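Residue numbers for the sequence shown, in full-length UniProt numbering: 1 to 468.
What the hints contain is simulated information worked out from the structure, not anything from laboratory work.
It should be emphasised that the depicted structure is a prediction, and the values quoted were computed from it without experimental measurement.
Where hints are given, some of them may not hold.
[As the list claims (entries may be wrong)] 16 Å max Cα-Cα, derived EDC-like pairs, lysine to aspartate or glutamate: (1) 97 / 141; (2) 298 / 443; (3) 67 / 21; (4) 70 / 98; (5) 87 / 26; (6) 76 / 21; (7) 67 / 98; (8) 87 / 108; (9) 87 / 141; (10) 70 / 110; (11) 298 / 137; (12) 298 / 212; (13) 185 / 259; (14) 437 / 292; (15) 70 / 90.
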Amino acid sequence: MCMHDRKRGVATIDIELTNIDINQCDVEEDVLQGDITQDEENYQNAKNNAEAKKIVDIFRGTHSCQKTTKCVHVPKCGFRRGCYICKCLDGYYFPYKDQLAQYFNGSELEDFYGQNKFNSSNELTYFQCLPCARYCDICTDSSPCMHQPNIAIRVMILVMSAITLLIMIALAVVVCHKRSQLVIKSASPIFLLMMCLGGSIMSFEEFILYFEPTDLICQVTIWWKHLGFVIMYGALILKTWRISIIFKEGKVKRVNLPDTALLQRMIPVLAVTIAGLIAWTLNCPPEAVLLETTTSLKYITCSVSLWMYAFYAAQKEYKRRYDNIARIVHRTLRNKYGLDRVKKWYEHRPEGIIENDNAKILWDFMIQCDHEIENRKPDIVLIEKESEAIMLLYSVYLCFTVRKAPAFFNESRYITWSTYNTLILGSFLIIFQQFVKSSVGPDIMYLLHFLSLQITSTITVGLIFIPK
Numbered sequence: 001m002c003m004h005d006r007k008r009g010v011a012t013i014d015i016e017l018t019n020i021d022i023n024q025c026d027v028e029e030d031v032l033q034g035d036i037t038q039d040e041e042n043y044q045n046a047k048n049n050a051e052a053k054k055i056v057d058i059f060r061g062t063h064s065c066q067k068t069t070k071c072v073h074v075p076k077c078g079f080r081r082g083c084y085i086c087k088c089l090d091g092y093y094f095p096y097k098d099q100l101a102q103y104f105n106g107s108e109l110e111d112f113y114g115q116n117k118f119n120s121s122n123e124l125t126y127f128q129c130l131p132c133a134r135y136c137d138i139c140t141d142s143s144p145c146m147h148q149p150n151i152a153i154r155v156m157i158l159v160m161s162a163i164t165l166l167i168m169i170a171l172a173v174v175v176c177h178k179r180s181q182l183v184i185k186s187a188s189p190i191f192l193l194m195m196c197l198g199g200s201i202m203s204f205e206e207f208i209l210y211f212e213p214t215d216l217i218c219q220v221t222i223w224w225k226h227l228g229f230v231i232m233y234g235a236l237i238l239k240t241w242r243i244s245i246i247f248k249e250g251k252v253k254r255v256n257l258p259d260t261a262l263l264q265r266m267i268p269v270l271a272v273t274i275a276g277l278i279a280w281t282l283n284c285p286p287e288a289v290l291l292e293t294t295t296s297l298k299y300i301t302c303s304v305s306l307w308m309y310a311f312y313a314a315q316k317e318y319k320r321r322y323d324n325i326a327r328i329v330h331r332t333l334r335n336k337y338g339l340d341r342v343k344k345w346y347e348h349r350p351e352g353i354i355e356n357d358n359a360k361i362l363w364d365f366m367i368q369c370d371h372e373i374e375n376r377k378p379d380i381v382l383i384e385k386e387s388e389a390i391m392l393l394y395s396v397y398l399c400f401t402v403r404k405a406p407a408f409f410n411e412s413r414y415i416t417w418s419t420y421n422t423l424i425l426g427s428f429l430i431i432f433q434q435f436v437k438s439s440v441g442p443d444i445m446y447l448l449h450f451l452s453l454q455i456t457s458t459i460t461v462g463l464i465f466i467p468k
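Work out the full structure: start from the sequences and follow the hints.
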């Protein structure tokens with residue numbers, strides 16, 4: 001048989017690729033981000049499936065979406081590239097409003113990229129989304145999400161604060177110039193100067209708050225405010241206390257209480273105040289937080305707790321942190337000690353623990369909670385605010401004790417008016433600010449803070465100095 005008479009066969013295999021999709025988008029990782037209480041076995045299975053997808057989907061991650069967009073696969077597109085769309089990421093918006101579909105077509109981007117792949121200077125700017133305005137989570141255009149400050153209102157308040165500061169300085173100059181006159185000398189010039197100093201310090205706070213709050217500005221503000229308050233009302237209380245000692249129960253007593261002796265009593269008051277402010281700054285310092293008005297505009301303000309519900313705020317914050325980390329801590333202990341996975345984290349109650357193993361579990365739980373949960377100390381804000389309220393109430397008591405003092409020495413009526421003014425109107429404004437800060441903008445809050453300052457310092461100084 002000749003070699004050319006042999007038969008040769010050819011085998012072919014046809015594979016239909018038309019209906020097979022090419023997914024060029026990145027591997028989805030959301031299956032690995034389940035709830036922290038998810039069962040360990042389900043979690044491991046999801047992880048294994050995700051690893052398998054990475055092997056099968058060899059075209060994954062080959063899309064041409066830019067860094068401001070996210071690739072979204074379009075199914076049933078067939079075996080061809082560009083079967084995806086590029087949607088804008090959160091924080092970016094589609095720049096072409098006249099286009100009906102608010103996304104970039106993957107096939108167009110692939111064609112454009114293929115034509116320009118050798119052009120290194122081409123940044124594909126046409127397929128980029130534009131960033132939203134500041135603090136916008138999502139947006140459709142460049143409209144601002146932040147409340148735009150009213151410069152006219154803020155400058156007007158700043159000018160009035162400057163006038164207040166100049167008045168305080170002018171009064172201090174007058175006291176120094178007229179200190180030998182009996183009406184000034186009997187009122188203790190050094191303490192009148194301290195009142196002007198305290199009022200000036202509080203007035204300077206408005207200059208700091210004119211700028212957009214930051215963590216540093218919020219922390220500095222509390223020092224100016226509370227130091228100024230203690231200096232002003234501390235001087236007022238001490239000189240009233242001396243009058244109450246001299247004219248106690250309507251009888252004049254010979255008491256040696258010079259100004260230097262009163263100043264020595266002022267030192268521990270300032271020391272306690274400074275210690276409280278240091279503890280406040282180190283323990284739970286105020287910080288700049290983002291609030292939203294009723295018109296959905298955001299603005300930055302300082303997070304300072306209100307003294308009348310500071311304990312409630314501290315307990316609520318402690319519970320929030322506890323709930324956030326309790327699941328994680330329980331999951332760690334569950335794996336370590338082989339606890340029942342069916343039970344929820346809060347069903348493993350510590351009550352009735354008598355066995356050594358359970359006691360060890362509880363001990364570990366407490367140690368980890370102490371490590372994770374911060375700010376378990378007393379609320380310094382409450383202590384600082386209540387100390388100021390106590391000072392005002394004590395001032396009212398002293399005014400009552402000196403009500404029978406001779407008119408030439410008696411300032412109790414004006415001191416009482418200033419104290420009631422600060423205690424009632426000042427507290428009302430502080431509470432009012434807490435209720436309206438979520439509905440009004442920063443300009444109104446700045447105005448309310450200025451009014452609160454005028455009630456606390458300017459009116460008090462006016463009530464003491466004008467009669468003289």
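Outcome of the hint check:
| no. | hint | result |
| --- | --- | --- |
| 1 | 97 / 141 | 9 Å, holds |
| 2 | 298 / 443 | 12 Å, holds |
| 3 | 67 / 21 | 24 Å, violated |
| 4 | 70 / 98 | 21 Å, violated |
| 5 | 87 / 26 | 14 Å, holds |
| 6 | 76 / 21 | 6 Å, holds |
| 7 | 67 / 98 | 23 Å, violated |
| 8 | 87 / 108 | 14 Å, holds |
| 9 | 87 / 141 | 15 Å, holds |
| 10 | 70 / 110 | 15 Å, holds |
| 11 | 298 / 137 | 11 Å, holds |
| 12 | 298 / 212 | 12 Å, holds |
| 13 | 185 / 259 | 11 Å, holds |
| 14 | 437 / 292 | 9 Å, holds |
| 15 | 70 / 90 | 9 Å, holds |
The structure is inconsistent with the numbered hints 3, 4 and 7, although it conforms to all the rest.
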